[in-house]
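Asker: Sequence:
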Amino acid sequence: MSYRYGKRMVAILLLLTVLCLGMGTSGCALPVGSTGEARILAQARQDYRNASLVVSGTCLQTHVNAKGVNCYDLTVEDVLAGQAAAGDVIHCTSPMAEGKSYLLYLQKGEDVPHTEDMQGYTLVSGQPLALSQGSVLLDGMAVSLETLLADMAKLDAMISAPSSIYYYDSLAELVEAADDIFIGRVEAQEGPKDTQFHAQSNGTTVEHTIPATMLQVTAYGGVKGAMKYGDQVELVYAPGMNEDMVNAATLAAEPYTAEQAPQVETGGIYLFFTLNGPDAKQDYIFPINPMQGFLKITNDALTVPYGNRAMLSFDSLDAAVRAIRSILEQG
7 MSYRYGKRMV
17 AILLLLTVLC
27 LGMGTSGCAL
37 PVGSTGEARI
47 LAQARQDYRN
57 ASLVVSGTCL
67 QTHVNAKGVN
77 CYDLTVEDVL
87 AGQAAAGDVI
97 HCTSPMAEGK
107 SYLLYLQKGE
117 DVPHTEDMQG
127 YTLVSGQPLA
137 LSQGSVLLDG
147 MAVSLETLLA
157 DMAKLDAMIS
167 APSSIYYYDS
177 LAELVEAADD
187 IFIGRVEAQE
197 GPKDTQFHAQ
207 SNGTTVEHTI
217 PATMLQVTAY
227 GGVKGAMKYG
237 DQVELVYAPG
247 MNEDMVNAAT
257 LAAEPYTAEQ
267 APQVETGGIY
277 LFFTLNGPDA
287 KQDYIFPINP
297 MQGFLKITND
307 ALTVPYGNRA
317 MLSFDSLDAA
327 VRAIRSILEQ
337 G
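Numbering (my numbering), first residue to last: 7 to 337.
You may find that some hints are simply not true.
[Claimed, not checked] No farther apart than 27 Å at their CA atoms in a straight line, the calculated lysine-lysine pairs in the DSSO-like style are these:
| no. | residue 1 | residue 2 |
| --- | --- | --- |
| 1 | K287 | K234 |
| 2 | K302 | K234 |
| 3 | K230 | K287 |
| 4 | K160 | K287 |
| 5 | K160 | K199 |
| 6 | K199 | K302 |
| 7 | K106 | K73 |
| 8 | K230 | K114 |
| 9 | K199 | K287 |
| 10 | K230 | K199 |
| 11 | K287 | K106 |
| 12 | K114 | K302 |
| 13 | K106 | K302 |
| 14 | K160 | K114 |
| 15 | K230 | K302 |
Simulated from the structure, these hints should not be mistaken for laboratory data.
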């Protein structure tokens, strides 16, 4: 189990424990209608996938912002997904009642003028979900919070992957497409093991299961992007994504298979070309594709896999970094 996933599960399990204790011997769930429960769960699943932050808390106060709009401040009590902390104040324009508890599925919104201690967010759903006596309420329907959290844990266990996997013929294309290019050391790896993924394709969520290895990587230095010395990241390496890879210029399928993808060595130092995961709630990064995502570094020498056509002319780290920086400087 990854460290990130472990922390998330602990938070959800703690909230479930508090919920059960609070309801005493009557059980963890209040009676709810199956139709209403199914409707709320279906909406909650979609909202969860679209949200960058999911929290529960209490509405602290209401006020009018600089634009003359009614605003509502919620004090975070539990962070169920995303980056926040208990005690943070969420600034939201969706109506809430002071002193009441809510579950919010949020996306980061605009900066909030004159309130530097608050973060601006917008709801991905139509309204906040009220919490009462261990249940989530919506339009007269209810589902137990325990059921919703269990469903959320299942969704969180599924990794959100890039919607398309592209192969790049030139270094310039490779550099432009990568979110981060950095030098790093593989500290540990777990797998390969069957891993559930989901991705968006033409507005539809596509789910599949393929073997993947989780790499724990420490950055030694960034060439492009925000990575800096000492940063620790979790990289998802799934060679089976080769099967869906297309050429970025021609959109023709590339012929590489999972078996042709390069191997990763624990303790090895690499030049990485990576993409950020599409879900801000998950801290994963991905190789830009299985064939071009990393190059082994030995002293100053680069080991370039035969399938990485964009890098075949480079045999040293120094030459590759100089070429990358030249491309970045040219814009």
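Asker: Next step is simple, just say for each hint if it's right about the structure.
Answerer: Verification of the hints:
no.: 1; hint: K287 with K234; in the structure: holds (21 Å)
no.: 2; hint: K302 with K234; in the structure: holds (19 Å)
no.: 3; hint: K230 with K287; in the structure: holds (23 Å)
no.: 4; hint: K160 with K287; in the structure: holds (14 Å)
no.: 5; hint: K160 with K199; in the structure: holds (17 Å)
no.: 6; hint: K199 with K302; in the structure: holds (23 Å)
no.: 7; hint: K106 with K73; in the structure: holds (25 Å)
no.: 8; hint: K230 with K114; in the structure: holds (24 Å)
no.: 9; hint: K199 with K287; in the structure: holds (22 Å)
no.: 10; hint: K230 with K199; in the structure: violated (31 Å)
no.: 11; hint: K287 with K106; in the structure: holds (25 Å)
no.: 12; hint: K114 with K302; in the structure: violated (37 Å)
no.: 13; hint: K106 with K302; in the structure: violated (55 Å)
no.: 14; hint: K160 with K114; in the structure: holds (24 Å)
no.: 15; hint: K230 with K302; in the structure: holds (18 Å)
Of the numbered hints listed earlier, those contradicted by the structure are 10, 12, 13.
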